[in-house]
Amino acid sequence: MSKANASSAPTGPSMRWRRKIPAAVALAPAALIVIVIYIGAMLWTVRLSFSSSKMLPVFDFVGWQQYERLSNTERFVLSTWNIALFGVLFIVACLIIGFLLAVFIDQNVRFEDAFRTIFLYPYAMSFIVTGLAWQWFLHPELGLQKAVRDWGFTSFSFGWIVQPNRVVYTLVIAAVWQASGLVMAILLAGLRGIDSELWKATRIDAIPTWRVYVSIILPMLRPMLVTASVLLAVGVAKLYDLVVAMTKGGPGLASEVPAKFIMDNFFERSNLGLGSAAASVLLVTVVALLSPWIYAEHLRPKGARK
Amino acid sequence: MSRCTGFSTNETLLWRCGRCEKNNRRQKTTILAGQTPGKEYGCAIVGADGGYVMGGDVFVFPKVKDANGQAAQAELESLMLDPAVQIAFNKKKGSIPARTDLDVSSMDQCAQKGAAAVKDPAKQLPAASYLISNDENGALNDVITQYLNTPSESADDFVAKFAAAVKASG
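Protein chains in written order, with my numbering: chain F, 596 to 901; chain A, 9 to 178.
Honestly, I wouldn't trust all of these hints.
[As the list claims (entries may be wrong)] DSS-like mimics (lysine-lysine), calculated; alpha carbons at most 25 Å apart, straight line:
hint, chain 1, residue 1, chain 2, residue 2
1, A, K169, F, K649
2, F, K833, F, K843
3, F, K843, A, K127
Please keep in mind that the hints were generated in silico from the structure rather than gathered at the bench.
Please model the complete structure; the sequences and the hints are all you need to start from.
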């Protein structure tokens with residue numbers, strides 16, 4: 596909007612206003628939704644986290660009581676550790692595998708379309724389907740372990756999904772299987788945008804291919820990497836359905852995640868206060884993690900940008 | 009109980025010796041695993057006297073004016089409470105009949121124990137969800153499931169955490 600105004604030649608403040616009206620009308624519903632529903636609901640949740648609400652909202656004020664209980668709740672503390680471990684492993688593994696897949700497809704392989712479809716296909720599935728399929732696959736009595744044992748390797752053992760200290764890794768495996776195709780698609784678009792002249796120049800300089808990818812192409816793909824990371828990070832924060840379908844948070848509390856804690860408290864345990872407090876903690880964490888990036892990308896003085 | 013899924017039943021059978029619980033799915037998967045109550049695992053009912061924890065579901069029929077509809081409702085009702093249906097259904101479900109005047113001798117050991125206990129009003133105990141809030145029930149379940157799945161956790165730790173959960177949610 597500001598660009599359009601700058602390029603046109605306004606004859607006076609009234610003309611400028613009149614020109615803005617259609618745009619303002621068009622944007623009003625979206626703005627209303629954002630302000631009332633998103634931000635309103637956010638403030639409402641934060642407000643409830645300071646109340647003693649159980650099944651229905653109550654607007655009293657109990658200070659930090661819900662947060663104190665939260666920090667003493669083993670399940671929530673475990674959940675935050677789980678999501679941190681999951682988040683780091685998931686994003687790093689997705690970026691690496693997605694990049695390698697994109698590079699592989701970028702070598703002008705045969706049946707490129709088929710490979711691209713296969714790699715992207717898991718992303719078309721819901722997390723519930725992914726979770727259920729991987730639960731069966733990793734189940735010691737039904738899936739991989741049983742199959743390998745039936746082939747004759749009777750000592751083979753792969754029961755991560757029922758081991759409390761390994762189960763988070765199985766969530767990572769399933770989620771990476773699902774999401775790395777998306778990273779591949781995004782990075783492949785970036786790779787296709789790279790000028791072929793650049794490749795010719797590096798060939799003349801006799802730079803090994805892997806070195807070109809690591810030192811030249813990767814820095815050029817930075818915007819795509821940022822986009823992919825943000826999309827993956829959103830997936831981490833809202834991780835819920837995969838856990839529900841795959842492990843139900845078990846064995847014990849070993850694969851609990853914050854979103855599941857919040858949902859359980861809201862809808863099963865009739866405890867709006869505690870659930871809101873957990874949701875607020877999650878919100879603050881996400882904002883704290885995102886704000887350096889938002890600052891670097893959007894708010895830094897223009898002159899300081901490269 | 010969120011922890012009572014088919015998955016965690018298998019987990020129980022695999023990693024710990026079986027506990028018999030009055031739970032539908034647990035019974036189902038236990039039958040599938042080829043084990044029989046009284047042989048591979050036993051039945052423990054609450055307390056030394058064998059109390060029975062009561063909980064149940066309700067069928068609600070919408071009021072209909074149509075005579076055919078009323079007849080169908082009556083038929084469904086009599087079918088559901090039919091002695092043969094009650095016995096056969098609850099053998100598979102892993103529960104006990106909803107009426108106390110049936111012969112349960114064909115059912116397994118767990119069901120016989122349960123059915124006998126229910127006949128004595130002194131042994132009828134309300135399920136936890138009738139006594140404490142969902143919040144407290146859930147918080148206690150978290151403590152219990154963590155204890156059952158953490159071999160290194162001592163009984164004293166468990167007691168302390170249980171007490172803390174009651175205090176925080178009560």
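Each hint, compared with the structure:
1. A C-alpha spacing of about 22 Å is found between K169/A and K649/F, which places the hinted pair at or below 25 Å, so the restraint holds.
2. Proposed proximity of K833/F and K843/F is supported: the alpha carbons are some 15 Å apart, at most 25 Å.
3. Restraint check for K843/F and K127/A: the C-alpha separation of about 36 Å exceeds 25 Å, so the hint is violated.
In summary, the structure is inconsistent with hint 3 from the numbered list given earlier, while agreeing with all the others.
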